[in-house]
Amino acid sequence: MKPILLIACVLALVATTFLVVNADVPKPKPSPKETRNYLYSSLEVIPDPTEKDAVLQIRQSDLKELRAALDGVEGSTTIAAAITNSGPRTIIAGLLLCLSLSIGGVWLVRSMRSPSTLSRGQKAVAILLVATATIGVAAFITRANAGPPPSYRWRNLPTALASGKAHQGPIIIQVVPDDAISGGLKLILPMKKQNANGEE
Amino acid sequence: MQNAFEIQITSGAARRAKRTQLFVAALALCTISSALFAGWLPLQVSIVTVFLFAGPHNWFELRYFLMRLPVRFGRSRAFFLTAFTGLGILTITYLSLPLIYRATVWTNEAWLTLLGSWNTLLLAWVCVLALLRGKQKPRSNWTWIIPATMLVAALNWLQPEIFSLTLVYVHPLIALWFLDRQLRRTKPRWLKAYRRFLAVLPFVLSLMIWQLSQTTSLSEDNGLFWRITQHSGAELLPNISSHLLVSVHLFLEMLHYGVWIVALPLLGSLVQSGNYARVLDFRTVPIAKHPRGFPKLVGTILALGAVVVVVLWIGFAVDYPTTRDIYFTIAIAHVMAEAPFLMKML
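In order, the protein sequences belong to chains A and B. Residue numbers for the first sequence, in the working numbering: 11 to 210. Residue numbers for the second sequence, in the working numbering: 1010 to 1355.
Just so you know, the hints here were simulated from the structure itself, not pulled from any lab data. Nothing here was measured: the structure is a model prediction, and the numbers come from that model. Think of the CB as a built atom: it goes at the ideal place given N, C-alpha and C, for glycine as much as any other residue. A couple of the hints might just be wrong.
[Claimed, not checked] Derived list of chain B stretches under chain A, where covered just means 3 residues or more per stretch with a C-beta under 8 angstroms from a C-beta of chain A:
no.: 1; stretch: 1114-1127
no.: 2; stretch: 1145-1153
no.: 3; stretch: 1215-1226
[Stated by the list, open to error] What follows is a list of derived Cβ distance ranges for each label pair:
no.: 4; chain 1: B; residue 1: P1107; chain 2: A; residue 2: S192; range: 42 to 52 angstroms
no.: 5; chain 1: B; residue 1: L1130; chain 2: A; residue 2: L167; range: 45 to 55 angstroms
no.: 6; chain 1: A; residue 1: T60; chain 2: B; residue 2: W1219; range: 27 to 37 angstroms
no.: 7; chain 1: A; residue 1: L171; chain 2: B; residue 2: G1097; range: 53 to 63 angstroms
no.: 8; chain 1: A; residue 1: V186; chain 2: B; residue 2: F1074; range: 54 to 64 angstroms
no.: 9; chain 1: B; residue 1: P1300; chain 2: A; residue 2: T100; range: 55 to 65 angstroms
With the hints as extra help, turn the sequences into a complete structure.
Shown next as structure tokens:
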């Protein structure tokens, strides 16, 4: 009698919980793939007195990637995108992180009980390391280490051009509708107006 | 009589203090000159440095590791067997990665999964080695390595390529750890000064990063320059100037070479007499000179190592880019070999 009662209880528990967590909800339909109409690259502006025409050069690989992006084929992705886009790797990383924190916690509790194995300083360092690693991972995933904005690299362009030097900075190659540009190509530079002292 | 004795003690202390000052001055000179050269002409100096020192530093590492090998493994049998088996398997699998890459048409994701798996194997091997080493030290508890390894493995799975790049930057620093342990054994008086120097190193690196962060990226107008910038992570970190990446990596590499080729051989008990040339005498290696040792085997290994160094020089002279590629692929073996020998010194 007891086993039947136990099985019935377990079944009842499962039946109630799957309703609560919506486990009977069908798998959501995959959303249609968004085509990416931009590409991260870098641009070098070179003042060349010997050239007669302004020339815009693009690497074959960049063009291929841009074409792949427009066709909806996945090209090389940025760090944050790579993390969020890779399901299996994120699952493995999550499992390992979970195991690490669990085992680390057990280890910390056990080592705290036996004062001979770890000194107070070592325990403090261990806690600090775990905290730093957790914050670090969070910062990494949220791109909090992104650094200065790309516009920062362009701020010295006028000085470089005035002295006849080449200058390089990051650029986004974007495909826009035909009516968005009056001419053939448009280059937009993230630059602020500077006063005589060079202040923005 | 007492005065003469006091004078003798004072002069001895003064001599020791002067030697310590000399050691610190040499460290400072090496660091400053490496930072200046690495920041000034990163690509050119990188080519010259790898050409001259890549092979010899491997030979010196091999010799150092032979110096640290016991004649009989004894209680360390399991440790060394794990070390050498893992070293062999990991090296062979790592060497097969570029071959797999060329032979198969895998997606980027599949490739990253393969790379992540290899990195996880490497971490697992280091973890097992640390646990085995921990067992030999009954008063210490090395089990913290398990959660730490899992944490690092988790980060690796998020970005396997960044993990591999981290190895490229961290590996040169391991030499500084070896030097620390060696100083502790042979010149403990210099240890305090050395650790102060280590504390200054992050400031030097910060200064380099500050100075070079706004520089324009290095031109990659030929295959060799492209390879050097890629090795430093220019493709993985596109928002960071490749000038900065190559300079920082080169600076660390120069310190690494300096430790293995100059500092450690000079500090070793072997050349304390001041005769640096004795480094070439294989009979001074403990497992060669021991009555139950293996002089022929040690002699052959070191001679073969010397031949490889010469072959590398010839290779660099004939086809620098290809030899550089081959060298940095095979060099993973020496990167991994440092792990067990460093653990044995802890």
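Results for each hint:
For the stretch 1114-1127 of chain B, the proposed coverage by chain A is satisfied: 5 residues have a C-beta within less than 8 angstroms of a C-beta in that chain, meeting the threshold of three. Here's how the stretch 1145-1153 of chain B fares: 5 of its residues keep a CB closer than 8 angstroms to some CB of chain A, so the rule of at least three is met and the hint holds. Coverage of the stretch 1215-1226 of chain B by chain A holds [criterion: at least 3 residues with CB-CB distance below 8 angstroms; count 3]. The supplied range of 42 to 52 angstroms is met by B:P1107 and A:S192, whose beta-carbon atoms lie about 49 angstroms from each other.
Distance hint check: the CB atoms of B:L1130 and A:L167 are about 47 angstroms apart, consistent with the given range 45 to 55 angstroms. For the pair A:T60 and B:W1219, the supplied restraint of 27 to 37 angstroms holds, since their beta-carbon distance comes to about 36 angstroms. The hint said 53 to 63 angstroms for the Cβ distance between A:L171 and B:G1097, and at roughly 57 angstroms that hint holds. Here the CB-CB span from A:V186 to B:F1074 is close to 60 angstroms, well matched to the stated 54 to 64 angstroms.
Judged by the Cβ atoms, the range 55 to 65 angstroms given for B:P1300 and A:T100 holds: they are separated by roughly 58 angstroms.
This entry satisfies every hint, going by the numbered hints stated previously.
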